[in-house]
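S.K.: Chain by chain, the residues run as shown.
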Amino acid sequence: MKRCENGHFYDPARNHACPFCTVVNVDLGATRPAALDTDDPIGLDEQATVGLVQKQKGIDPVVGWLVCVAGPDRGRDHRLRVGFNYIGRSREMDVCLAGDETVSRHRHAAVVFDDRKHEFRVVPGEGRDLVYLNGEAVYGPTVLNAYDQLEVGQTRLNFVPFCGERFRWE
Amino acid sequence: MTSSAVARVSLWWGDTLAAVADTVGGAEGASGELPPEFVDRLLSSEFFYFAVGAIAALVAVAAVRSTRRAASRRRAAEPPVPETAVVPRSYRVRIPGGSLSIGNAQAQGSRREQQDSFGCSDTAPEVVGTRGVVAVVADGMGGLELGGEASKVAVRAFLRTFEASEPREALSSTLLRALEAANEAVLELADEADARGAVGTTLVAACVRDGALHWIGVGDSRLYLLRGGELRLLTVDHSYARTLERRVAAGVLTPEQAAQHPDRNALISYLGQDRPAEVSTNAAPEPLRPGDRLLLCSDGVHGVLGADRIAEALRQDAQAAANALVAAVLAERRPRQDNLTAVVLAYDTERS
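Same order as they appear, the protein sequences are chains A and B.
When the letters of the first sequence are read in order and numbered with the working numbering, they come out as residues 1 to 170.
When the letters of the second sequence are read in order and numbered with the working numbering, they come out as residues 1 to 352.
Rather than coming from a laboratory, the hints here were simulated on the basis of the structure.
Take the hints with a grain of salt, since some may be wrong.
[To be verified] Chain B stretches covered by chain A per the calculated footprint, using a threshold of three residues with CB under 8 Å from any CB of chain A: (1) 88-98; (2) 117-130; (3) 278-285.
All figures in this text were calculated on a predicted structure; none of them were measured in a lab.
Ideal Cβ placement from N, Cα and C applies to all residues, glycine included.
Work out the full structure: start from the sequences and follow the hints.
M.R.: What follows is the structure, encoded as structure tokens:
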């Protein structure tokens, strides 16, 4: 468990930022725990579970960030790691936009880092909702450049690479 | 604060000194000489217990391993089952003479906004060593998101004041100052929104320093102590229900009238009043014993769970206990479930 700057304790293997500090002004119904530290069966699938276990076991170095510049989580950063980084509202997502109701729960889109080519791409999600790159809808894997802007629901995320020409994890 | 409150504070401080003197005096005279054959027997019996313990531990480890292996085999075949049983170990703070494990959990219930806030003071050794550790829970009230903001600023102001306090200051006065700072913060927030009187928050704080518990509370958020099997409520609810109970005792109201009174749950004292009408605090520091569990919670927890269920949930690791309490409340599926917050502190001495 880790202590956040506001004195809350959370499991960094499950949440990369403090879940108690997120402002969630959404009516969640009577039974859904808003920030309870137990797994939520909805939105869990084999892939996500495996990803979680891998993260707990080894060092999974950061390769870049998405920074929220507009939307309910404005100001918050999301770490990107090697491979698929799924974006969605569910807490099981790698990039969790819990505060934006207009984002799909499950895999609205993904940002992929290919550690052989050292290249970032945005990939559209599996559902009906679109993801926009610099204002254009994304229909297939599209290369991302520094400070490109992604739009999912009402959230706008700026892309900041860490790995690329100037730095590589060897 | 009024001058009478200050007078009461200095009285508590006097009690603190007396209690500390008692503890120091009582600790002496425990050692003595034992006959050598008794020592021998004791020694051999200890080895015996050690051997039995070691075998039991090996058997337990083997059993856990085989069930885990079986579980992982099952997981490969079946669709994944959410690991609700896997709770990370509690956050642990070393304190002089022992340790404090801290767990926290929170849920929104069916309310549109989370108006509860909580927090724990800085766990850096230099803060813990000089000032101790304090945990705070606050339950905000007021519309237009002001309630949530009120509890948040109150917790923040309380913690900052505590962390920046003069280490030699009497703890009871530190807690009182921190509470005043929290009240100021809420009033400031109210004035910004031109809503003085319409926004407020409860606050309960428990501080562990030098192996003893100190606390302070306003409103109806509670502090419980579980010691042995017994759950004790340490705080007093500053709700109108208490006034009603007094009227029942005086024969002015019937118990039914009191139970159905529409203002039963209205608070008579809270932060956000010019001066909180009532503040309750410990008369003397409560020396903690190994195994003691403390629970700070908002009424979303104690309004739903009875004492026996709270006590049952507290008999485990701090984080697991906090999770269990929130899960137990949500399992009740109350249609108008209030926000709920549980912060659990588990005290243990060096040995364990």
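S.K.: Take the hints in turn and mark each one as holding or not.
M.R.: Do the hints match the structure? See the list:
1. 88-98: With 4 residues close enough to chain A, the hint holds.
2. 117-130: holds (count 6)
3. 278-285: violated (count 0)
Checked against the numbered hints given earlier, this structure breaks only hint 3.
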